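J.: Use the sequences and the hints to build the structure in full.
2 protein chains.
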Amino acid sequence: MSVITCVAPVNIAVIKYWGKRNEELILPLNDSISATLNVEYMRAKTTVMASPTFKENKIWLNGKEESFENPRLQHCMKELKQRARKNTDVVNWNIHVCSENNFPTAAGLASSAAGYACFVYAIAQLYGVEGDITAIARRGSGSACRSIYGGWVQWHVGKSDDGSDSFATQIAGVSHWPEMRILTLVVNSSRKKCSSTDGMRRSIATSSLLKYRVDHVVKDRVEGIIRAIKEKDFKAFAEITMKDSNQFHAICSDTYPPLSYVNEVSRRIIELIHAYNELRGTTKVAYTFDAGPNACLYLLEEDVPEVVALIQYVFPSDTERVEYFKGLPINPGSLSDELKVKIDIPKQKPGSIKYIIYTDVGEGARVLNDDNEHLLNDCGNPKRLN
Amino acid sequence: MSVITCVAPVNIAVIKYWGKRNEELILPLNDSISATLNVEYMRAKTTVMASPTFKENKIWLNGKEESFENPRLQHCMKELKQRARKNTDVVNWNIHVCSENNFPTAAGLASSAAGYACFVYAIAQLYGVEGDITAIARRGSGSACRSIYGGWVQWHVGKSDDGSDSFATQIAGVSHWPEMRILTLVVNSSRKKCSSTDGMRRSIATSSLLKYRVDHVVKDRVEGIIRAIKEKDFKAFAEITMKDSNQFHAICSDTYPPLSYVNEVSRRIIELIHAYNELRGTTKVAYTFDAGPNACLYLLEEDVPEVVALIQYVFPSDTERVEYFKGLPINPGSLSDELKVKIDIPKQKPGSIKYIIYTDVGEGARVLNDDNEHLLNDCGNPKRLN
Chain B
135 MSVITCVAPV
145 NIAVIKYWGK
155 RNEELILPLN
165 DSISATLNVE
175 YMRAKTTVMA
185 SPTFKENKIW
195 LNGKEESFEN
205 PRLQHCMKEL
215 KQRARKNTDV
225 VNWNIHVCSE
235 NNFPTAAGLA
245 SSAAGYACFV
255 YAIAQLYGVE
265 GDITAIARRG
275 SGSACRSIYG
285 GWVQWHVGKS
295 DDGSDSFATQ
305 IAGVSHWPEM
315 RILTLVVNSS
325 RKKCSSTDGM
335 RRSIATSSLL
345 KYRVDHVVKD
355 RVEGIIRAIK
365 EKDFKAFAEI
375 TMKDSNQFHA
385 ICSDTYPPLS
395 YVNEVSRRII
405 ELIHAYNELR
415 GTTKVAYTFD
425 AGPNACLYLL
435 EEDVPEVVAL
445 IQYVFPSDTE
455 RVEYFKGLPI
465 NPGSLSDELK
475 VKIDIPKQKP
485 GSIKYIIYTD
495 VGEGARVLND
505 DNEHLLNDCG
515 NPKRLN
Chain H
135 MSVITCVAPV
145 NIAVIKYWGK
155 RNEELILPLN
165 DSISATLNVE
175 YMRAKTTVMA
185 SPTFKENKIW
195 LNGKEESFEN
205 PRLQHCMKEL
215 KQRARKNTDV
225 VNWNIHVCSE
235 NNFPTAAGLA
245 SSAAGYACFV
255 YAIAQLYGVE
265 GDITAIARRG
275 SGSACRSIYG
285 GWVQWHVGKS
295 DDGSDSFATQ
305 IAGVSHWPEM
315 RILTLVVNSS
325 RKKCSSTDGM
335 RRSIATSSLL
345 KYRVDHVVKD
355 RVEGIIRAIK
365 EKDFKAFAEI
375 TMKDSNQFHA
385 ICSDTYPPLS
395 YVNEVSRRII
405 ELIHAYNELR
415 GTTKVAYTFD
425 AGPNACLYLL
435 EEDVPEVVAL
445 IQYVFPSDTE
455 RVEYFKGLPI
465 NPGSLSDELK
475 VKIDIPKQKP
485 GSIKYIIYTD
495 VGEGARVLND
505 DNEHLLNDCG
515 NPKRLN
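Protein chains in written order, with this note's numbering: chain B, 135 to 520; chain H, 135 to 520.
Because the hints were derived from the structure by calculation, they are not lab data.
Straight-line alpha carbon distances no greater than 25 Å define the calculated PhoX-like cross-link-like pairs of lysine-lysine that follow:
(1) Lys-488/B / Lys-481/H
(2) Lys-481/B / Lys-488/H
(3) Lys-189/B / Lys-220/B
(4) Lys-327/B / Lys-474/H
Residues from chain B that face chain H, not an exhaustive set, calculated with beta carbons under 8 Å:
(5) Ser-342
(6) Leu-343
(7) Tyr-346
(8) Val-351
(9) Lys-377
(10) Asn-380
(11) Gln-381
(12) His-383
(13) Ala-384
(14) Ile-385
(15) Ser-387
(16) Asp-388
(17) Pro-392
(18) Ser-394
(19) Arg-401
(20) Ile-404
Here are some, though not all, of the chain H residues that point toward chain B, as calculated from beta-carbon distances under 10 Å:
(21) Thr-340
(22) Lys-345
(23) Arg-347
(24) His-350
(25) His-383
(26) Ser-387
(27) Tyr-390
(28) Pro-391
(29) Pro-392
(30) Glu-398
(31) Arg-401
(32) Glu-412
As the structure is a prediction and not an experimental result, all values here were calculated from the model. Ideal Cβ positions, reconstructed from N, Cα and C, are used throughout, including at glycine.
T.: Below is the structure:
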């Protein structure tokens, strides 16, 4: 019997991935760039156990058994087995997989990226796979390739038809820009949404603006934001981040029928950030939105107290403080009366923002060495079920 | 003393005008196309009186005196005087102008287009201006040039730097497509918005997608929709209309900071129309949105009862029926239980749509020959003030 438990982080794109040039291989239309978030506060955790006694492959996600026949999962398994270098016995055994996120999947926080990164990373350890595994994680969920590494990560579009050059690399490590912080604002929403896969497919089929974005806009932005990250130029970084988020949502609107991922609360957050930056006379905060209404704000540590106070003022909580703030400890600053008056955004309904996760840039996927961390018991069954 | 009273209609663009290549002359970046609405239900009405006894030019808009020094108004006056062919006395007299809309200006229903069309048309009559006056109306408000004519109208982008070839022509007359109907859904909104002029300026300065739209998308759409109008091909007409509305709002999202004219109710209307078209198995209704949250729906007369019943079901009124429906008489159909079940859109808060104006395609600007219609009394003062 062989067992391993790993964790993998969430990543938040600042140059967006939208559209596959090859659906089977999950090859993107353009490069994308993200920061990897601290694995402490938002992560997938996965235990993989291989045993000659297991009659079949099994997988449990967040306490519920799911089918192992999922084609994306099968693609990852096939590539991992081809690249296995040790434990040929282990590679032939069946496996049990148990995976959990420490944040609500329903919150729409890119759980599949962390999940597939963790799955691929754990099995790669078990099978002794050497070299790059980001291209394998990509077969599970495109943006999973960016969750293998910590710090600032680039997923390269690649040129090859077989996808061999569409992998992720690190632009800068975790310690490169230590002042950077991320606030994830989890927005209340009951709206059902079109899955990213379906949405991308529809955009490719119908949006003429997407083609223009891919051919003429993204390249300069990628170069610009890499420069901004390397030089720690927050203003340049923030402006490219916001423009790219806005352009992604423009592509969604140009899709037919249109895709609408952000909602009225998201739009108020956008307004608030622009109003705040204007009042402060420089770009202090950047927003970015993926295929859902939650906002991720990038900002520097020194600005966190005031920005959190401002968010709390415009989007009051309807719960206790302890539930409103998650992640790193937050001490909201006091909001000057001047700011309250000048920020001309009406107070929103309590609970419009459900909670805030405060975090920083962190390391990539890693092994947990404590046996107590395993999510499977010695028989290969989940310790907890839903 | 010389006096005239005219009315001019509202027009609703199906190929959108967004962005000026010359701000002073109000020259657009691309052709646009609209239908002119029945002047009975939504119109500007303007009385112009010229008299040798008037000490100065004066203008009242919706019962409030405004400045005659407005540069756009001055540009129109200058061109009208240059083109005057009769009554040289009258042309040298000062004038009093009184103008009223029969729909709330605040509703964001392109009142400036009807207003300037009416102003220019009335003075052109008074001064005996011959030939095209749409290019003069354009100097007041770009889309005003399309409100001079009835039926289906095209505003040509033109090539000349002096704007002389940027005027409107009729694609088809009022009687060409007699089954066409328009439902204007006036959406509740307290949101202040960025004016079209400022919004356009910001889009030109920041949206790379706008340039692509202008250079590579609009031309095919203009050709396609003219063909659809001429052939009365509703499906083709409707799809181009919706795609162009969506692309306009995509450009708004790609603008920095982003412009957001539609709101959550607008988005629900979009969802509802797509869901309805899908259930009906063909495109029965088209939506289009200008720089505001109100929807204009194009549809054929035979489909009005069911569509109105559906809108009433999803967006219940919070007022009496008599106030909810304006314009042509409406008899909402009964909604089949099947449709209620299959349209998977939750009922919205009563009053989300304030009221519905039901109308058809109508004639352009014209003179009212009844002296009782004058908005100014014999002394040149408004009969009514606010």
